[in-house]
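Protein chains: 2
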Amino acid sequence: MLRKLVVVGVGLIGGSFARALRRAGAVGTIVGVDRNEVALARALELGIVDRAAREAADEVADADLVLLAAPVAQTPAILASIATRLGPDTVVTDAGSTKGDVVAAARTALGAQIARFVPAHPIAGREVHGPDAALDDLYDGRHVIVTPLAGHDADAVERVRAAWRSAGARVLEMDVARHDSVLASVSHLPHVLAYALVAQIVDGVDAELKLALAGAGFRDFTRIAASSPEMWRDIVLANREALLGELDRYAAVVADLRARIADGDGAGIEAVFDKASRTRLAWQAARDAATSR
Amino acid sequence: MLRKLVVVGVGLIGGSFARALRRAGAVGTIVGVDRNEVALARALELGIVDRAAREAADEVADADLVLLAAPVAQTPAILASIATRLGPDTVVTDAGSTKGDVVAAARTALGAQIARFVPAHPIAGREVHGPDAALDDLYDGRHVIVTPLAGHDADAVERVRAAWRSAGARVLEMDVARHDSVLASVSHLPHVLAYALVAQIVDGVDAELKLALAGAGFRDFTRIAASSPEMWRDIVLANREALLGELDRYAAVVADLRARIADGDGAGIEAVFDKASRTRLAWQAARDAATSR
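From first to last, the protein sequence lines stand for chains Y and X. All the letters of the first sequence, read from the start, carry residue numbers 1 to 293 under my numbering. All the letters of the second sequence, read from the start, carry residue numbers 1001 to 1293 under my numbering.
Where hints are given, some of them may not hold.
[To be verified] If you want a taste of the chain X side facing chain Y, the calculated C-beta under 10 Å gives, among others:
1. A1124
2. R1161
3. A1162
4. S1181
5. L1189
6. G1204
7. A1255
[Unchecked claim] Pairwise CB distance ranges, derived in the manner of DEER restraints:
8. Y:H129 with X:L1244: 55 to 63 Å
9. Y:V38 with X:A1271: 51 to 59 Å
10. Y:L281 with X:G1125: 53 to 61 Å
11. Y:A282 with X:A1150: 43 to 51 Å
12. Y:A290 with X:K1275: 45 to 53 Å
13. X:L1244 with Y:A150: 19 to 27 Å
The set of hints was computed from the structure by calculation and includes no laboratory data. All residues carry an ideal CB built from backbone N, CA and C; glycine is no exception.
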């Protein structure tokens, strides 16, 4: 049971966390902080938070948990603003989709208090944003990855894990580097590749004709190329190192396939396609089984 | 009005063509040919064809139009079997998704009669196959690309165009090379890239973890990696030259993006993402507007 929770950023992610803990009866007072005054007033009106505050620094001393759920570009400044005001029992966590960059910022801002900073990443989202998009069941059955740092306070880690379990999530633990390389592989790399295909088409010959004749395969493959350019610029830069590693390994697989195509190696091509196809079919079957439970 | 149509391959594509022409009252007799005797009997039972024949060669002399809609690997053998039996007024067309390879096979098999061979590619499909999947409206509003050859018979080309218009399709005309490079860009390349991503993941570290944490972005990007490995092996080999060109141009775009990421060039990354995102959003909007008409 958290007596006091401070949520910095009361949009989809932070608001849903607040709602889910409230639903579970796992929290006493929830204080919302947001630079966006309209969003903050709306979160109060919707009952997502009990109280609104202007500065996180004024609220963290007696908080059991502080969740940073503002846009990740604001994280270093927020950490710097609260660093000297944290109480001895305050635990800080975040919800960013990359971890290496957040940890570096936290080390700089928090110094020795880094032991009570527990990085986390809930893998959940919606197309819509803001307090009105927040749901008390957004995290039900979804994965949350917690990436404890060397020298962490065990109680702090358990407090974060327990909060996410109360919110309905399945908690996984791994180190920061592994988190960042896994997400680079299944999320950040596909975004880069989809953006690149659309960019290549629009800058190349016959762009209009190609787009006019593009069908369902193109539609699915490039759906994520409609994502926010600013957000994905920040993500690929924040996770630069892991992403470049995955990109280079991917380029090697493509180069190998290219050679097989150029050589007319039908058996070799089919072996790669067949392995991928079987993997993808099994993945979908497992996912369908999980969601129909 | 076609007095006699011969459809070689009475599955989804050939069966739907027959049904659509019947619906339009644009055909007299339809003769079906298929190596698969069960499919052929079923097409007769369903009324898709008026008569079933064992050998295309026995039916082509007095046919106005012969549509080749069997698996493309059979095209050279079918063309060879009918070459000496074509009547002076018989026009032959096909429905394959690559054109350069079909044209090469047709030149070999047909010699001077190539003037009455009109390559075509209907861009339409369903997840299901066989005569039972055939629909009289499969081609309504869909594009059919006709790729007339140098020295073609103008009447032959017009007969094929008219037949597809009767079937409800929108007919486009372009040369073989352009068709193959457009399709390589918007269809064949994305398939190769999606297969490669799944293959990279399954052969790399943390495959299980990555697949467990893969979300909606991965799902959409890799949906086409569940496609038939045999069919796509044949397509990438049939369209090898155009596909390798598109693949190399794509690799250059990715390499450029890689350099921007490595350099931390946020503005450069955002410019590429933004152009792609705006293009993709406009594409979807145009598509939604077209389907809601």
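These are the hints, each one checked on the structure:
Residue-level restraint check for A1124 of chain X holds (minimum Cβ-Cβ distance to chain Y is 9 Å; threshold 10 Å). Hint status for R1161 of chain X: violated, given a least beta-carbon distance of 17 Å to chain Y, over 10 Å. Taken as an interface hint, A1162 of chain X does not check out: its beta carbon lies about 21 Å from the nearest beta carbon of chain Y, beyond 10 Å. At a threshold of 10 Å, the smallest CB-CB gap from S1181 of chain X to chain Y is about 7 Å, leaving the interface hint in force.
With a least beta-carbon distance of about 7 Å to chain Y, the hint placing L1189 of chain X at the interface is held under the 10 Å criterion. Among the interface hints, the one on G1204 of chain X holds; its C-beta lies about 6 Å from the nearest C-beta in chain Y, closer than the 10 Å criterion. About 8 Å separates the beta-carbon of A1255 of chain X from the nearest beta-carbon of chain Y, less than 10 Å, and the hint is met. For H129 of chain Y and L1244 of chain X, the Cβ-Cβ distance of about 42 Å falls outside the hinted range of 55 to 63 Å, so the restraint is violated.
A hinted range of 51 to 59 Å for the beta carbons of V38 of chain Y and A1271 of chain X is inconsistent with their spacing of about 30 Å. At roughly 19 Å, the beta-carbon separation of L281 of chain Y and G1125 of chain X lies outside the given 53 to 61 Å, and the hint is violated. Between A282 of chain Y and A1150 of chain X the CB atoms are about 48 Å apart, so this pair conforms to the stated range of 43 to 51 Å. A hinted range of 45 to 53 Å for the beta carbons of A290 of chain Y and K1275 of chain X is inconsistent with their spacing of about 37 Å.
For L1244 of chain X and A150 of chain Y, the Cβ-Cβ distance of about 48 Å falls outside the hinted range of 19 to 27 Å, so the restraint is violated.
The structure fails hints 2, 3, 8, 9, 10, 12, 13 (numbered hints given earlier, in ascending order).
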